[in-house]
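Fit chain B with the ligand to the known structure of chain A by using the hints.
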Amino acid sequence: MSIVDDLQQLRADAATAIAGAEDLAQLDVVRVAYLGKKGSLTSVLRGLGALSAEERPAVGKVSNEVRQALEAAIDLRRADLSSAALDARVLAEAVDVTLPGRRRAPGTSHLITRTVDEIVEIFTGLGYKVAEGPDVELDYYNFTALNTPADHPARTPSDTFYVRDLTGEATAVAGESDVLLRTQTSPVQVRTMESTKPPIYILSPGKVYRRDIADPSHLPQFTQIEGLVIDEGITFGDLKGTLEHVCREIFGPERKVRLRPHFFPFTEPSAEVDVSCGMCGGGGCRMCKGSGWLEILGCGMVDPNVFGYVGIDPERYSGFAFGMGAERIAALKYDIPDLRHFIESDMRFLRQF
Amino acid sequence: MLVSMKWLRELVAVDLPVPELVDLLDMTGTKVEAVEVTGNALEGVVVGHILTKDRHPDAETLWVTTVDVGAAEPLQIVCGAQNFDAGDKVPVAVVGTTLPNGMTIKKAKLRGVASEGMNCSATELGVGGDASGLLILPADAPVGEPFSLYWDLADTVLELEITPNRPDCLSVAGVAREVGAVTGKPASWPGSTPDESGAPVAGSVTVRIDDPDLCPRYTARLIRGVKIGPSPEWLARKVASCGARSISNIVDITNYVMFELGQPLHAFDLATIAPGGGRADITVRTAKPGERLTTLDGAVRQLAEDTLLITDPTGPIALAGVMGGDATEVTDSTVDILLESACFDPASISRTSRRLGLFSEASQRFERGVDPNGCAAACDRAAQLIAQLGGGTVAPGIVDTYPEIVPPRKLALRMVRVNGILGADLDVGTVAGILTRLGLTVTTGSGDGDDGAVLSVTVPTFRPDLEREIDLIEEVVRVHGMENVPSTLPGGRGRIGGLIPQQRRRARAGAALRAAGLNEAITWSFSDPADVERIGWTFGPGELPVELLNPMSEEQALMRFTTLPGLVRAVANNQRKGVVDVHLYEIGSVWWTAEGRKLPKEREVLSGALAGSWDRPGWLDTEPMLDFFDGKGVLTSLMEAMGIERWRVHAADRAWLQAGRSAEVLVGGDVVGWLGEVHPKVLDAYEATGPVTVFELFAAPIIKAAREAQPFADIPRHPSVKVDMAIVVGEDIVAERVERAITSAGGTLLESVRLFDVYRGKGVEAGKKSLAFSLTYRGEDRTLTDEEVASAHDKVVRKVTAAVGGELRG
Ligand SMILES: [Zn+2]
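Protein sequences appear in the order of chains A and B. Oh and the first sequence: position 52 is 283 in our numbering, straight run, nothing missing. Oh and the second sequence: position 517 is 941 in our numbering, straight run, nothing missing.
Just so you know, the hints here were simulated from the structure itself, not pulled from any lab data. Glycine included, C-beta positions come from ideal geometry on N, C-alpha and C. Warning: the hint list may mix true and false statements.
Here are the simulated distance ranges between beta carbons [said to hold, decoys possible]:
#1 A/G521 <-> B/P614: 49 to 59 angstroms
#2 B/R917 <-> A/E425: 17 to 27 angstroms
#3 B/P588 <-> A/C511: 26 to 36 angstroms
#4 B/V1158 <-> A/Q583: 19 to 29 angstroms
#5 B/R917 <-> A/G542: 18 to 28 angstroms
#6 A/R571 <-> B/P737: 54 to 64 angstroms
#7 A/E463 <-> B/R1000: 56 to 66 angstroms
#8 A/G521 <-> B/P737: 21 to 31 angstroms
#9 A/E425 <-> B/D849: 33 to 43 angstroms
#10 B/W1038 <-> A/N536: 54 to 64 angstroms
#11 B/P524 <-> A/N536: 21 to 31 angstroms
Partial pick of chain B residues on the chain A-facing surface, computed with a CB cut under 8 angstroms [unchecked claim]:
#12 L440
#13 N589
#14 A954
#15 M976
Okay, chain A solo, but in the shape it has when bound:
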């Protein structure tokens, strides 16, 4: 047999072997067996040196053809096998996409913080700054400077928490001490009026305390958001327009807002603000106790007596003040039946908002 015949035989054998390779590893074994450094084709070619110069070109041509043919066949087979392997892998890696996702849940803001933040954002948009102050306050800032009469029931120890005064001073106020837990954040307003010249546009959110037993609608510790504006030419219409805007921002543009005259010692004229009930749309239901309205804040024009305490000229400046309870607003907005949820730190409550 000639070398050429050997080559043709080898080509045929190799083609069979390539076709028979069942995976990429077997194919590689075939490749090495024929085309590798010690492979069959290689050893045939190594024998070329023994051929005559006349025979060499023809045999060389054939052997190149065989090599190319084998390489092409191997590539083709490899492509087929790779594709099959990929298909198999894809099949094997299929998952049940309905299984839960993997994550580290981010934490949540307390609903009260979130409510305060939303309201702060509305007011900063209207040009207000946020003012803060201590929870433990002086009677003067919490009551006296706010025009609260000395015998006002709110000043009694049954309504207000008093704190032991360690100066040893005797005091003549309703509690045994003139140090107390603020019952409103208005002391912040008084402090601001003392230290800042008008114009003043501030919002003062913060914790306040009143001696109510914790029940579904009361907490002895809750969160008040109060505002104060003092400038030249501030009117009751400005107060009304501001609160109408704010209430619609909080509760939605479709809600109606009304101001109802009321009485507070530190504002005159004073009003309570009602928002139309979101549950019944104003027709009357359980939530609004049949009235169609929800009372959400108190407000009024700053009483000239309060200006007197802080040395602002009431003939030149006028202003308004308002206050609302964050717990009540959150409870109304999210229909929370019991305010005690806010203080209980139950993860199942906290994670909802």
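Just chain B with the ligand now, kept in the frame of chain A:
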């Protein structure tokens, strides 16, 4: 304050339907808390007109009538009564009505004749005693009108919230005046002039006031020969509509006049003050030391020295304005009555009623303030009613001790101020009209035009709340209607809103804690005094906890000095409810004080608590229990978000933390708080299950150290080379120390160091540990050669082993 609509309508012609009146009162500052329909409504009983009356074909005693009840067709009703004729008006119960005796009217056949209702007797309706026949109504009774309305049975009672500045509305007449002002209808003020006879009062009664500040006025009348008995129905009904019980004609009259006019009255049995027909000498004074009085509820009251009393020469006979004395009370055998109508100082009455825990309709009115100029008229009215209903005679004259007459107040009201404060454009006529309707007297004073005008306003003494111009402006807007003021926004120039940097940074800290997986909690600001011992807290030198004088409970008697107990309680509460994965943070204040301080120190802290896992083991893999390093990881995220690089922790014990798993947190070299796992004993004390990892940092130093913006760091352009080294050191050498030695030895070529393994056990001698670090070398301006890296790393190894006394692990 309860107000019967029926009574109100006697005093002011309200033609509004009740719901509209309620709205109007709400919107003018007299909030209606509730509306209650009272009385026997007798729904379904109407006024009928008997058109025909014919004998029943099969029954001699029955009549077949046709009755017009205002419906389209007359009803045929079979009736057994004999006392009527065709043409009479009678009450008719239509089909479906249930009568007070329980009988329900149905369509029926009576001896074969259809009957569609019932003509009623007074007894059947429960309105009288005559059962013998039909109740024949006057000929002008309107056909079809509900009988309860026609017979005046039904009433609507409004429950009003009267604000503390409006004592004038604590009476039906006062409310009528207010209703008149807001509806524009005239209201009347009831009054009577007594028919006097017999000996003048002057010889029988004297009154002296010791301190006119406490009792500006005291009036009294004497009614002789009274017969105590039950009240007539109208009087009983009226006092009942105000929520009082009918007791006797005399008591009911004093209550009636109080409810009607707002002036509390008191009736004494004259014989108990002036026995044997002598003279009653009344002195109004404060209590003397040791004085006592048995009040008419039978209680013996020890009287504090500033208690205002009504006394006779033998001692106290009543607590002024609060409660009468037992001994001088009107009884069934009382014959002569001394009637008191006085004005007392609101603060004095308030103190007495609070001190004794006695709150009455009278004390409530005195506390708010009664009109001193109304005492005599109320006294007259009650005296006349007593004479009229109790059969007595009013002695001529009134005792009136009124040392200093209180004049009406005069105020100036500038129109420019009215419109300036309100942001409205009201004219003089509107403003003057409102004030006049409220009972004030207005004269146009100086100034011209609607803006220049200054009104002179005289305020009667029944409105003590109207003291200043601003008070009048409030009245104007209240009655004008707040809804009629145009809404505007403040137009002030030159204001800038927004948060200040500290507030923004605090918000950033909260956001970082949430991103780290923590949920915000708000716990009590209060603390249990026992918490000090439970957690082993030690206050700094001279520091004391902040004590509440009147806590809600002993467990909340202090202001919290740390958030730790609150957070551990929150963890325990969750665990008790089966929620074991708890990740909480709180941003809130803690307090402490010192001897000699008035206001305590108040500092804000950032704190947190972790228990359980990040997520319960799911279908994928199991989550490890959270421990110290999860807490430290949270703080790492926090510090990174705040842009604080110079922070570290070092081992430090805290009594409430488990030793060896507790640390102090330092920022810029200063201790700002602590971090660690709660001590098992503390967990036991709060019934929490560990491990619970907690931290508490002062907010101020963190907010102060925070950076607003990090400068840009160039992205490396040249490749890095990573080399690992494991070094065996003694257990006492902390990782931070080795890491610092590496960093300092690495020079500029060492970009970063990361600890990736801590190993103890086989191959490492006992008492030692192997720390494996991955070191990254990189040239800022060139690709490092192998030789450069090798030489730098050799230097690191040499210096670090020498510095920490360790050796490379083979
Ligand atoms: Zn509703």
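Checklist entry - Are there hints from earlier that the structure breaks, and if so, what are their numbers? => result Hint check: 1, 4, 8, 11, 12, 14 fail, others pass.
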